[in-house]
Amino acid sequence: MNRTKTITLALITILPIAQYSVSDNTLITELIKLAFSPGSNLFYFTSLLSFFLDLITVSITSLLPIIYFATKKNDKKDRLYALIRYMVIIRYIFIAPMFLLFQFGQEDQNLSLSDYASWVGIFGFLIFCMILWNIKPASEKHKVNLSDYLSVSYASKSSRFMHLLIDSIFFLCICPIWNIFFNPDEGISHTKWYITFIILFVTYYWLSEAMFRSTLGKYITGTMVAGTNQPMQPKLAFSRSICRLIPLEAISFLTGRDWHDKFTSTAVVHVNSLQTNIFESETAPTTGEFNQTSGTNQ
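FYI, the numbering for the sequence shown is 85 to 382, going by our numbering.
Simulated from the structure, these hints should not be mistaken for laboratory data.
Predicted model only: the values in this text are computed from it and were never measured.
Just so you know, not all the hints are guaranteed correct.
Stated by the list, open to error - Between beta-carbon pairs, the in silico distance windows are:
#, residue 1, residue 2, range
1, F183, I283, 17 to 23 Å
2, I206, L248, 27 to 33 Å
3, S198, I335, 40 to 46 Å
4, P122, I283, 33 to 39 Å
5, T90, L210, 18 to 24 Å
6, S242, F136, 26 to 32 Å
7, I144, I91, 17 to 23 Å
8, S242, S273, 35 to 41 Å
From the three backbone atoms N, C-alpha and C, an ideal C-beta is built for every residue, glycine too.
With these hints in hand, go ahead and build the complete structure from the sequences.
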C-alpha cells in the first residue's frame, strides 16, 4: 500500500509536467496578444485569467508531493497527504466533465499531440483519484458527533474568513464556467448561467463536506465540519450547502456563528482539539455546552 501511495504521489508531480511539455502554446500566445490589445473583448482577458488560475492550481498540486517527500514528521506528512488527496479528487470531479464536453464538442475530430496528452492526463488522474480515495489519511475523522467529545476548539472568525477567501478562489480555479458569462458569442442567457453557477457552487461545498468533511480552506487551517448532536452525514452537508445561498450568509460569521452552521446543527472545529470522552459513565455535554477553548460557536 505504501509503495502504491508513493508511486501515485510521484506521478501526480510528473504527469502534469509531461503534459505541458508537449502542449501547444500557440493558442495561449495568441490569447495573450488578444487580451492586451487595445479595445479587445473582456472575454479574452477573463479566458487568460481562467487559464492561469488553473495553471497555478496544477502547479501547487504538483509541488505538494515534493514537499510531502521532503517532510520528516509523520503528522505533517499525513496532513499534506490529506490536502493532496482532496485537491486532486475535487479538481478532477469538476475538470473531467468540462474536458469531455469540450473535446466532443469540437468540429475538428483530428487529435493533435497536445490532445493525446490531455486524454492521457484525464485517464491517468482518474486512476490516481481511485487510488487516493482508497488510501485514507491516518488522522482522518469521518462521522464526528461533538457530543462524543469532552473538549473542542471552534474555528475563529479569522479562520472562517480564510475559508471563505480560499474556497472562493479554489472554486473559480477548478470551475472556469464563470468565464462564459463574459463571452458575447456563447448565446447563453444570464438566467441559465446563474442557475448553472449556483448548482456548481452548491455541488462544490456538498461534495467537499460530504466526502471529506472539509474544504480546501478548512484543510489549510486544520479544521473540519462536525455535527453538534448527531454524526456528520451527506444530508447535513447538502443542507449546509443550500443554506449558503441565503443572501449575506457568506459574512454571517461576523455575527458570531455562520447561519449554515446554526440552521443545520453543525460546527467547524479544529481537528487536533477533539478529545474523546474516555469515561463511559460520564454524561456527554449537550449541544452548546462543550468545553470551548477558542472560536465563536455559541
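Go through the numbered hints given earlier and state which of them the structure violates, listing their numbers in rising order.
none
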